[in-house]
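So you can see what is in the structure, the chains are spelled out below.
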Amino acid sequence: MSGAPIDLAYELVRLSLAAWRVTGNVEHASDGAIVIAGKKAIRIEPGPRNTMFRWLVTIDGRKRGAISLLAVLRQVRQALDPGYAACGVRVAVAPLVPS
Amino acid sequence: MIGADAIPVWVLTGFLGSGKTTMLGHLLRQPEFSRTAVIINEFGEIGLDHELIESSQDSVIALTTGCLCCKVRSDLTQTLQDLLRRRDAGACTPFDRVVIETSGLADPAPILHALMTDADTAGRLVLGGVATTVDAVTGGVTLEREAISRKQIAVADRIVLSKLDLAGGAETPLLARLAALNPGAPVLQADHGRIEAKNLFGAGVHDPKIGPFATEPVAIDSWLAQAPDHAHEHHDAEIRSFTIVRTEPIQAVALTLFLEALAEHCGADLLRLKGIVNIAESPQHPAVIHGVQHVFHPPAWLERWPSADRTSRMVFITRHVPRRWVEVLLEAIGAEVADVQALAQNRGG
Numbered sequence: 001m002s003g004a005p006i007d008l009a010y011e012l013v014r015l016s017l018a019a020w021r022v023t024g025n026v027e028h029a030s031d032g033a034i035v036i037a038g039k040k041a042i043r044i045e046p047g048p049r050n051t052m053f054r055w056l057v058t059i060d061g062r063k064r065g066a067i068s069l070l071a072v073l074r075q076v077r078q079a080l081d082p083g084y085a086a087c088g089v090r091v092a093v094a095p096l097v098p099s
Numbered sequence: 001m002i003g004a005d006a007i008p009v010w011v012l013t014g015f016l017g018s019g020k021t022t023m024l025g026h027l028l029r030q031p032e033f034s035r036t037a038v039i040i041n042e043f044g045e046i047g048l049d050h051e052l053i054e055s056s057q058d059s060v061i062a063l064t065t066g067c068l069c070c071k072v073r074s075d076l077t078q079t080l081q082d083l084l085r086r087r088d089a090g091a092c093t094p095f096d097r098v099v100i101e102t103s104g105l106a107d108p109a110p111i112l113h114a115l116m117t118d119a120d121t122a123g124r125l126v127l128g129g130v131a132t133t134v135d136a137v138t139g140g141v142t143l144e145r146e147a148i149s150r151k152q153i154a155v156a157d158r159i160v161l162s163k164l165d166l167a168g169g170a171e172t173p174l175l176a177r178l179a180a181l182n183p184g185a186p187v188l189q190a191d192h193g194r195i196e197a198k199n200l201f202g203a204g205v206h207d208p209k210i211g212p213f214a215t216e217p218v219a220i221d222s223w224l225a226q227a228p229d230h231a232h233e234h235h236d237a238e239i240r241s242f243t244i245v246r247t248e249p250i251q252a253v254a255l256t257l258f259l260e261a262l263a264e265h266c267g268a269d270l271l272r273l274k275g276i277v278n279i280a281e282s283p284q285h286p287a288v289i290h291g292v293q294h295v296f297h298p299p300a301w302l303e304r305w306p307s308a309d310r311t312s313r314m315v316f317i318t319r320h321v322p323r324r325w326v327e328v329l330l331e332a333i334g335a336e337v338a339d340v341q342a343l344a345q346n347r348g349g
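Residue numbers (the working numbering), protein chains in the order written: chain A, 1 to 99; chain B, 1 to 349.
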């Protein structure tokens with residue numbers, strides 16, 4: 001993973017807390033991880049090479065993979081925002097390009 | 001592409017007493033409006049509004065079973081299906097436009113959702129747009145007091161000021177308030193309820209007969225033109241609007257993920273999203289996107305760009321959704337998609 005997605009992920013998580021009106025601080029660790037300190041300590045780090053997971057999210061000591069930034073956001077919000085109900089159904093825009 | 005034979009459905013909304021029915025009565029007398037089916041929703045056990053409309057048309061239907069936004073799934077979709085059946089059977093005027101007049105207390109969002117998602121009418125009916133009437137005299141107070149009236153304004157494609165003759169110039173603050181709530185919607189004036197049908201319905205973004213899907217896609221610029229300058233942000237106490245502009249084309253999958261994230265994380269706070277997007281895989285055919293809260297209309301593909309401007313422009317009307325979050329969300333998703341593609345290419349090559 002290049003540095004650009006990591007920097008943007010950090011910024012996105014920081015702004016997402018504000019958008020969700022969730023209290024917390026986001027820190028960019030020296031090893032590239034993102035740490036959220038607030039109601040819970042959450043660690044977000046790039047996933048290992050050659051796996052399907054681009055990110056690993058550790059919440060309450062439990063590490064889970066996330067295939068995309070959207071999956072990271074979903075996990076973080078589920079952990080921090082009790083009023084959030086993640087949608088289990090994914091609906092793709094169809095067609096992606098004109099037929 | 002949306003079929004040219006799809007029938008546009010316009011939603012006519014506005015708070016109680018704002019002049020919807022009076023305006024509709026005048027519209028029904030205009031030749032340009034003759035091939036229009038009208039559905040009137042009234043809140044109460046006995047409907048009166050449809051009696052106030054003088055029309056010989058057999059395609060004016062009154063729904064008196066309750067507020068449309070509360071019973072929209074059953075009543076409205078059933079009524080639309082019945083209308084199409086009657087049209088197919090030659091049992092009513094062969095209309096080529098439908099107008100739904102909501103009750104003054106209706107939240108237009110569920111109605112728009114129903115129009116955008118009903119599988120039984122998809123392909124035959126398409127959302128034409130939303131016209132919202134505002135009383136020039138009492139509109140300002142109503143906007144202060146009634147959240148639903150602010151929502152009716154926020155989702156509008158056209159705003160129509162009524163009772164200007166009674167306002168005596170007092171409408172100026174109201175105009176500023178309307179511009180703050182929805183700077184993208186042109187404000188028209190109805191003279192004692194009179195307004196030209198072509199002015200009101202003449203630039204429906206989803207109207208395949210007169211909108212950008214027709215041979216003259218210039219209307220899309222009209223649809224977006226009044227959007228706030230992207231360097232500025234207009235805001236109300238709760239509702240704000242802003243425009244996101246991207247000069248680089250956006251990958252189709254990035255747009256899909258972006259819309260999905262908006263629907264998931266903004267939900268009801270995303271009052272309206274409309275835009276024209278330069279898709280990387282389809283540079284000649286821009287995508288027109290349109291969403292209300294968590295529901296997005298399938299993107300429509302224009303035959304060509306309406307002007308030399310190839311930038312993607314997305315207009316947001318939101319409640320409590322920070323502009324910067326939306327910008328970074330799009331940027332981060334785009335970067336991740338590009339990163340995944342680069343990795344795949346490296347592995348393949």
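No lab work stands behind these hints: they were computed from the structure. Where a beta carbon is used, it is the ideal one built from N, C-alpha and C, also for glycine. Treat the hints with care, since some could be wrong.
As the list claims (entries may be wrong) - Some chain A residues close to chain B (C-beta under 10 Å, calculated; not the full set):
1. 18
2. 28
3. 54
Consistency of the hints with the structure:
Evaluation of the residue 18/A hint against chain B yields a held restraint, the C-beta minimum of about 6 Å falling below 10 Å. Nearest Cβ of chain B to the Cβ of residue 28/A: about 14 Å, over the 10 Å cut. The hint is violated. Taken as an interface hint, residue 54/A checks out: its beta carbon lies about 7 Å from the nearest beta carbon of chain B, inside 10 Å.
Hint compliance for this structure: hint 2 is the single one not met.
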